[in-house]
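Asks: Numbering of the sequence shown is given in this note's numbering, commencing with residue 1 and proceeding in unit increments.
Hint data in this document are derived by calculation from the structure and do not stem from the laboratory.
Fair warning: this is a prediction, and the values are worked out from it, not measured in the lab.
Wrong hints could be hidden among the right ones.
Claimed, not checked - Below 30 angstroms or equal to it, Euclidean Cα-Cα: the simulated BS3-like pairs (lysine-lysine) are:
{"hint": "1", "residue 1": "K263", "residue 2": "K292"}
{"hint": "2", "residue 1": "K326", "residue 2": "K307"}
{"hint": "3", "residue 1": "K308", "residue 2": "K292"}
{"hint": "4", "residue 1": "K219", "residue 2": "K162"}
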Amino acid sequence: MKLNLNIQPLSSWIKTSSEPLVIAGPCSAETEDQLVATAHLLANTGKVSALRAGIWKPRTRPGEFEGIGSIGLEWLKRAKAETGLPTAVEVATAKHVEEALKAGVDILWVGARSTANPFTVQEIADALRGVDVPVMVKNPVNPDLSLWIGALERINNAGITKLAAIHRGFSSHEKSAFRNEPMWDLAISLKTHAPDLPMINDPSHITGNRDLIGYISQKALDLDMQGLMIESHIDPSVAWTDAKQQVTPAALVEILDHLALRKPETRNTEVNDKLTELRNQIDKIDDLVIQKMAERMKIVEQIGNYKKDNNITILQVNRWDEILNKRTNYAKALKLSTEFTEKLLELIHSESIRKQTEIMNKNEAGQAADKLTHA
(Lines of atoms letter the chains of each structure in order from A and count residues from 1; the text may use other names and numbers.)
(Lines give C-alpha, C1' and ligand atoms only; values in the text may rest on other atoms or scores of the structure.)
Protein backbone atom coordinates (compact mmCIF):
# COMPACT_ATOMS: atom_id res chain seq x y z
CA MET A 1 0.00 0.00 0.00
CA LYS A 2 1.45 3.32 -1.10
CA LEU A 3 1.24 6.29 1.28
CA ASN A 4 -0.60 9.35 0.01
CA LEU A 5 1.97 11.96 1.06
CA ASN A 6 2.18 15.41 -0.50
CA ILE A 7 5.93 16.03 -0.48
CA GLN A 8 8.56 18.01 -2.34
CA PRO A 9 11.86 16.49 -3.50
CA LEU A 10 14.84 16.91 -1.22
CA SER A 11 16.68 19.02 -3.80
CA SER A 12 13.99 21.70 -3.53
CA TRP A 13 14.75 22.52 0.11
CA ILE A 14 18.37 21.65 0.79
CA LYS A 15 21.27 22.24 -1.55
CA THR A 16 24.46 20.23 -1.70
CA SER A 17 27.65 20.89 -3.62
CA SER A 18 28.76 17.27 -3.41
CA GLU A 19 27.34 13.79 -2.87
CA PRO A 20 26.09 12.34 -0.66
CA LEU A 21 23.98 14.93 1.15
CA VAL A 22 25.55 15.41 4.59
CA ILE A 23 24.08 17.05 7.68
CA ALA A 24 26.75 17.26 10.38
CA GLY A 25 27.51 18.92 13.68
CA PRO A 26 27.87 18.20 17.39
CA CYS A 27 25.50 15.99 19.31
CA SER A 28 25.03 18.92 21.71
CA ALA A 29 25.70 22.62 21.50
CA GLU A 30 27.91 22.98 24.58
CA THR A 31 29.52 26.42 24.33
CA GLU A 32 29.41 29.16 21.73
CA ASP A 33 33.09 28.70 20.86
CA GLN A 34 32.71 24.93 20.51
CA LEU A 35 29.73 25.22 18.18
CA VAL A 36 31.02 28.04 16.01
CA ALA A 37 34.52 26.55 15.69
CA THR A 38 33.06 23.17 14.70
CA ALA A 39 30.79 24.88 12.18
CA HIS A 40 33.74 26.63 10.51
CA LEU A 41 35.69 23.39 10.21
CA LEU A 42 32.68 21.60 8.72
CA ALA A 43 31.99 24.41 6.26
CA ASN A 44 35.62 24.39 5.15
CA THR A 45 35.37 20.73 4.11
CA GLY A 46 33.00 21.67 1.29
CA LYS A 47 31.15 18.40 1.95
CA VAL A 48 28.52 19.49 4.49
CA SER A 49 25.12 20.84 3.43
CA ALA A 50 23.70 21.76 6.85
CA LEU A 51 24.83 22.19 10.45
CA ARG A 52 23.03 20.14 13.11
CA ALA A 53 23.27 20.65 16.87
CA GLY A 54 21.29 19.42 19.85
CA ILE A 55 19.79 22.35 21.73
CA TRP A 56 17.28 20.45 23.87
CA LYS A 57 18.42 16.92 24.71
CA PRO A 58 15.84 14.39 25.90
CA ARG A 59 17.82 12.17 28.27
CA THR A 60 16.92 8.76 29.63
CA ARG A 61 17.60 9.70 33.25
CA PRO A 62 17.36 13.00 35.16
CA GLY A 63 20.58 14.70 36.13
CA GLU A 64 22.24 14.12 32.76
CA PHE A 65 23.01 17.07 30.49
CA GLU A 66 19.70 17.97 28.85
CA GLY A 67 20.98 20.56 26.42
CA ILE A 68 22.09 24.15 26.74
CA GLY A 69 18.59 25.40 25.92
CA SER A 70 17.40 28.43 24.01
CA ILE A 71 20.69 30.34 24.31
CA GLY A 72 22.15 27.78 21.91
CA LEU A 73 19.84 29.06 19.18
CA GLU A 74 21.72 32.36 19.27
CA TRP A 75 24.98 30.47 18.79
CA LEU A 76 23.47 28.70 15.79
CA LYS A 77 22.48 32.05 14.30
CA ARG A 78 26.07 33.22 14.61
CA ALA A 79 27.43 29.97 13.11
CA LYS A 80 25.05 30.32 10.18
CA ALA A 81 25.94 33.98 9.64
CA GLU A 82 29.67 33.22 9.60
CA THR A 83 29.66 30.00 7.56
CA GLY A 84 26.54 30.20 5.43
CA LEU A 85 25.48 26.71 6.51
CA PRO A 86 21.73 26.18 7.05
CA THR A 87 20.95 24.97 10.57
CA ALA A 88 18.96 22.01 11.89
CA VAL A 89 17.73 21.19 15.40
CA GLU A 90 15.51 18.64 17.13
CA VAL A 91 12.17 19.85 18.51
CA ALA A 92 10.05 17.95 21.03
CA THR A 93 7.38 20.48 22.03
CA ALA A 94 5.34 23.29 20.49
CA LYS A 95 7.51 25.74 22.44
CA HIS A 96 10.64 24.30 20.85
CA VAL A 97 9.10 24.77 17.42
CA GLU A 98 8.17 28.38 18.19
CA GLU A 99 11.62 29.28 19.54
CA ALA A 100 13.49 27.51 16.73
CA LEU A 101 11.47 29.23 14.02
CA LYS A 102 11.84 32.60 15.74
CA ALA A 103 15.61 32.09 15.75
CA GLY A 104 15.61 31.34 12.03
CA VAL A 105 16.46 27.62 12.21
CA ASP A 106 16.20 26.23 8.69
CA ILE A 107 15.37 22.56 9.29
CA LEU A 108 13.60 20.85 12.19
CA TRP A 109 13.60 17.19 13.10
CA VAL A 110 11.40 15.08 15.34
CA GLY A 111 13.42 12.74 17.57
CA ALA A 112 12.93 9.01 18.10
CA ARG A 113 11.38 9.41 21.55
CA SER A 114 8.89 11.97 20.23
CA THR A 115 7.96 9.85 17.21
CA ALA A 116 6.94 7.08 19.60
CA ASN A 117 4.26 9.31 21.14
CA PRO A 118 1.39 10.36 18.81
CA PHE A 119 0.29 13.06 21.27
CA THR A 120 3.74 14.67 21.10
CA VAL A 121 3.86 14.43 17.32
CA GLN A 122 0.41 15.99 17.03
CA GLU A 123 1.44 18.87 19.30
CA ILE A 124 4.44 19.51 17.07
CA ALA A 125 2.30 19.20 13.93
CA ASP A 126 -0.21 21.71 15.26
CA ALA A 127 2.60 24.17 16.01
CA LEU A 128 3.85 23.76 12.43
CA ARG A 129 0.49 24.42 10.76
CA GLY A 130 0.78 27.26 8.27
CA VAL A 131 4.59 27.25 8.37
CA ASP A 132 6.81 26.47 5.38
CA VAL A 133 9.80 24.69 6.92
CA PRO A 134 11.52 21.37 6.19
CA VAL A 135 10.86 18.68 8.81
CA MET A 136 12.61 15.33 9.21
CA VAL A 137 11.11 12.52 11.29
CA LYS A 138 13.28 9.92 12.99
CA ASN A 139 12.05 6.37 13.36
CA PRO A 140 10.58 5.56 16.79
CA VAL A 141 12.80 3.98 19.44
CA ASN A 142 11.07 0.61 19.09
CA PRO A 143 10.62 -1.23 15.77
CA ASP A 144 7.11 -0.03 14.92
CA LEU A 145 6.64 0.95 11.28
CA SER A 146 3.09 2.18 11.87
CA LEU A 147 4.26 4.73 14.45
CA TRP A 148 6.87 6.03 12.01
CA ILE A 149 4.34 6.29 9.20
CA GLY A 150 1.77 7.87 11.51
CA ALA A 151 4.22 10.57 12.59
CA LEU A 152 5.06 11.39 8.97
CA GLU A 153 1.37 11.56 8.10
CA ARG A 154 0.59 13.88 11.02
CA ILE A 155 3.35 16.30 10.00
CA ASN A 156 2.30 16.12 6.35
CA ASN A 157 -1.35 16.68 7.25
CA ALA A 158 -0.29 19.91 8.97
CA GLY A 159 0.77 21.23 5.55
CA ILE A 160 4.49 20.38 5.72
CA THR A 161 5.51 19.24 2.23
CA LYS A 162 9.27 19.49 2.72
CA LEU A 163 9.38 16.20 4.53
CA ALA A 164 11.98 13.47 5.05
CA ALA A 165 12.51 10.40 7.21
CA ILE A 166 15.60 9.71 9.30
CA HIS A 167 16.64 6.11 9.86
CA ARG A 168 18.52 5.95 13.19
CA GLY A 169 18.02 2.31 14.15
CA PHE A 170 15.87 0.63 16.80
CA SER A 171 16.32 -0.44 20.40
CA SER A 172 16.82 -4.15 20.95
CA HIS A 173 17.48 -6.34 23.97
CA GLU A 174 19.84 -8.46 21.91
CA LYS A 175 23.52 -7.71 22.30
CA SER A 176 25.26 -6.62 19.12
CA ALA A 177 27.98 -4.34 17.82
CA PHE A 178 25.46 -1.53 17.41
CA ARG A 179 23.91 0.92 19.82
CA ASN A 180 20.64 0.64 17.89
CA GLU A 181 19.94 -2.24 15.51
CA PRO A 182 19.62 -0.95 11.93
CA MET A 183 16.73 -3.32 11.09
CA TRP A 184 17.16 -2.38 7.45
CA ASP A 185 13.99 -4.24 6.51
CA LEU A 186 11.85 -1.62 8.27
CA ALA A 187 13.59 1.23 6.46
CA ILE A 188 13.16 -0.61 3.17
CA SER A 189 9.48 -1.18 3.98
CA LEU A 190 8.97 2.55 4.53
CA LYS A 191 10.67 3.29 1.21
CA THR A 192 8.33 0.77 -0.41
CA HIS A 193 5.27 2.47 1.09
CA ALA A 194 6.54 5.96 0.18
CA PRO A 195 9.00 5.74 -2.76
CA ASP A 196 9.22 9.53 -3.14
CA LEU A 197 9.91 10.21 0.55
CA PRO A 198 13.56 11.24 1.06
CA MET A 199 15.36 9.13 3.65
CA ILE A 200 18.44 10.20 5.59
CA ASN A 201 20.54 7.70 7.51
CA ASP A 202 21.92 8.47 10.98
CA PRO A 203 24.94 6.15 11.35
CA SER A 204 26.05 7.90 14.55
CA HIS A 205 23.03 6.72 16.54
CA ILE A 206 22.91 3.32 14.86
CA THR A 207 26.51 2.50 15.72
CA GLY A 208 27.24 4.43 18.91
CA ASN A 209 30.82 3.90 17.76
CA ARG A 210 32.72 6.19 15.41
CA ASP A 211 34.70 3.25 13.99
CA LEU A 212 31.55 1.75 12.42
CA ILE A 213 30.13 4.94 10.92
CA GLY A 214 31.75 4.38 7.52
CA TYR A 215 30.39 0.83 7.28
CA ILE A 216 26.80 1.85 8.06
CA SER A 217 27.02 4.92 5.82
CA GLN A 218 28.02 2.77 2.85
CA LYS A 219 25.23 0.30 3.53
CA ALA A 220 22.71 3.17 3.68
CA LEU A 221 23.87 4.63 0.37
CA ASP A 222 23.77 1.18 -1.24
CA LEU A 223 20.10 1.01 -0.18
CA ASP A 224 19.45 4.27 -2.05
CA MET A 225 19.14 6.56 0.96
CA GLN A 226 19.55 10.21 -0.01
CA GLY A 227 21.97 11.37 2.66
CA LEU A 228 23.62 11.06 6.03
CA MET A 229 23.34 12.80 9.40
CA ILE A 230 26.66 12.39 11.19
CA GLU A 231 27.61 13.85 14.54
CA SER A 232 30.84 15.84 14.38
CA HIS A 233 32.62 17.65 17.24
CA ILE A 234 35.79 19.71 17.23
CA ASP A 235 37.15 17.46 20.02
CA PRO A 236 34.97 14.38 20.67
CA SER A 237 37.15 13.30 23.60
CA VAL A 238 35.68 16.10 25.72
CA ALA A 239 32.12 16.03 24.34
CA TRP A 240 29.41 16.39 26.97
CA THR A 241 27.14 13.81 25.30
CA ASP A 242 27.70 10.70 23.17
CA ALA A 243 31.44 11.19 22.87
CA LYS A 244 32.11 7.74 21.39
CA GLN A 245 29.92 8.26 18.33
CA GLN A 246 31.17 11.70 17.30
CA VAL A 247 33.97 12.35 14.81
CA THR A 248 36.17 15.34 14.13
CA PRO A 249 35.51 17.27 10.91
CA ALA A 250 38.77 15.86 9.53
CA ALA A 251 37.66 12.30 10.31
CA LEU A 252 34.31 13.05 8.69
CA VAL A 253 36.08 13.97 5.45
CA GLU A 254 38.03 10.71 5.55
CA ILE A 255 34.82 8.70 6.01
CA LEU A 256 33.07 10.50 3.15
CA ASP A 257 36.04 10.18 0.81
CA HIS A 258 35.97 6.40 1.19
CA LEU A 259 32.29 6.01 0.34
CA ALA A 260 31.36 4.51 -3.03
CA LEU A 261 28.44 6.28 -4.69
CA ARG A 262 26.21 4.06 -6.79
CA LYS A 263 23.32 5.20 -8.95
CA PRO A 264 19.90 3.51 -8.74
CA GLU A 265 19.59 3.57 -12.53
CA THR A 266 21.92 3.66 -15.49
CA ARG A 267 21.65 4.81 -19.09
CA ASN A 268 23.97 2.05 -20.23
CA THR A 269 21.75 -0.13 -22.48
CA GLU A 270 24.00 -3.17 -22.19
CA VAL A 271 23.93 -2.99 -18.37
CA ASN A 272 20.14 -2.52 -18.32
CA ASP A 273 19.64 -5.48 -20.69
CA LYS A 274 21.75 -7.71 -18.45
CA LEU A 275 19.87 -6.59 -15.32
CA THR A 276 16.55 -7.26 -17.05
CA GLU A 277 17.70 -10.73 -18.04
CA LEU A 278 18.79 -11.59 -14.49
CA ARG A 279 15.62 -10.12 -12.98
CA ASN A 280 13.50 -12.19 -15.35
CA GLN A 281 15.28 -15.28 -14.07
CA ILE A 282 14.53 -14.23 -10.49
CA ASP A 283 10.86 -13.63 -11.38
CA LYS A 284 10.55 -17.17 -12.76
CA ILE A 285 12.18 -18.66 -9.65
CA ASP A 286 9.98 -16.55 -7.34
CA ASP A 287 6.86 -17.74 -9.17
CA LEU A 288 8.03 -21.31 -8.74
CA VAL A 289 8.78 -20.79 -5.03
CA ILE A 290 5.29 -19.38 -4.43
CA GLN A 291 3.70 -22.21 -6.42
CA LYS A 292 5.58 -24.82 -4.39
CA MET A 293 4.70 -23.03 -1.15
CA ALA A 294 1.02 -23.19 -2.07
CA GLU A 295 1.38 -26.93 -2.76
CA ARG A 296 3.10 -27.36 0.60
CA MET A 297 0.27 -25.60 2.43
CA LYS A 298 -2.31 -27.86 0.76
CA ILE A 299 -0.47 -30.84 2.22
CA VAL A 300 -0.35 -29.03 5.58
CA GLU A 301 -4.15 -28.79 5.44
CA GLN A 302 -4.39 -32.54 4.78
CA ILE A 303 -2.13 -33.16 7.80
CA GLY A 304 -4.31 -30.85 9.89
CA ASN A 305 -7.46 -32.79 8.94
CA TYR A 306 -5.74 -36.10 9.68
CA LYS A 307 -4.57 -34.88 13.10
CA LYS A 308 -8.08 -33.66 13.87
CA ASP A 309 -9.69 -36.96 12.88
CA ASN A 310 -7.18 -38.92 14.96
CA ASN A 311 -7.04 -36.53 17.93
CA ILE A 312 -3.33 -35.75 17.50
CA THR A 313 -1.78 -32.53 18.82
CA ILE A 314 -0.78 -29.89 16.29
CA LEU A 315 2.76 -29.31 17.52
CA GLN A 316 5.16 -32.25 17.18
CA VAL A 317 8.43 -30.97 18.64
CA ASN A 318 10.54 -33.89 17.43
CA ARG A 319 9.32 -33.44 13.87
CA TRP A 320 10.07 -29.68 13.98
CA ASP A 321 13.59 -30.33 15.29
CA GLU A 322 14.12 -32.86 12.51
CA ILE A 323 13.01 -30.37 9.84
CA LEU A 324 15.14 -27.58 11.29
CA ASN A 325 18.30 -29.70 11.47
CA LYS A 326 17.95 -31.34 8.07
CA ARG A 327 16.98 -28.21 6.16
CA THR A 328 19.62 -26.07 7.87
CA ASN A 329 22.40 -28.53 6.99
CA TYR A 330 21.11 -28.80 3.42
CA ALA A 331 20.94 -25.00 3.07
CA LYS A 332 24.46 -24.65 4.46
CA ALA A 333 25.73 -27.03 1.79
CA LEU A 334 24.06 -24.77 -0.79
CA LYS A 335 25.86 -21.71 0.63
CA LEU A 336 22.77 -20.19 2.30
CA SER A 337 23.30 -18.56 5.68
CA THR A 338 22.04 -20.40 8.75
CA GLU A 339 20.31 -17.25 10.02
CA PHE A 340 18.35 -16.81 6.80
CA THR A 341 17.37 -20.48 6.66
CA GLU A 342 16.18 -20.57 10.26
CA LYS A 343 14.08 -17.41 9.80
CA LEU A 344 12.53 -18.79 6.62
CA LEU A 345 11.73 -22.14 8.21
CA GLU A 346 10.28 -20.47 11.31
CA LEU A 347 8.01 -18.36 9.11
CA ILE A 348 6.81 -21.40 7.17
CA HIS A 349 6.34 -23.38 10.37
CA SER A 350 4.34 -20.56 11.95
CA GLU A 351 1.99 -20.45 8.95
CA SER A 352 1.62 -24.25 9.06
CA ILE A 353 0.69 -24.11 12.75
CA ARG A 354 -1.82 -21.33 12.01
CA LYS A 355 -3.49 -23.34 9.25
CA GLN A 356 -3.69 -26.51 11.34
CA THR A 357 -5.06 -24.56 14.33
CA GLU A 358 -7.75 -23.09 12.07
CA ILE A 359 -8.72 -26.59 10.91
CA MET A 360 -8.73 -27.99 14.46
CA ASN A 361 -10.96 -25.21 15.78
CA LYS A 362 -13.34 -24.89 12.83
CA ASN A 363 -16.05 -27.32 13.99
CA GLU A 364 -15.57 -26.49 17.66
CA ALA A 365 -16.21 -22.81 16.95
CA GLY A 366 -19.35 -23.67 15.02
CA GLN A 367 -20.66 -25.96 17.79
CA ALA A 368 -20.01 -23.28 20.39
CA ALA A 369 -21.95 -20.77 18.30
CA ASP A 370 -24.88 -23.22 17.99
CA LYS A 371 -24.97 -23.70 21.75
CA LEU A 372 -25.09 -19.95 22.30
CA THR A 373 -27.88 -19.61 19.74
CA HIS A 374 -30.04 -22.24 21.41
CA ALA A 375 -29.22 -21.28 24.99
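Asks: Next, verify each hint and record whether it holds.
Replies: Do the hints match the structure? See the list:
Of the supplied pair hints, the one linking K263 and K292 is violated, its CA atoms being roughly 35 angstroms apart against a limit of 30 angstroms. Using a Cα cut-off of 30 angstroms, the hinted pair K326 and K307 holds, with the two alpha carbons roughly 23 angstroms apart. Proposed proximity of K308 and K292 is supported: the alpha carbons are some 24 angstroms apart, at most 30 angstroms. In summary, the hint linking K219 to K162 is supported, as the alpha carbons are separated by about 25 angstroms, within the 30 angstroms threshold.
Hint compliance for this structure: hint 1 alone is broken.
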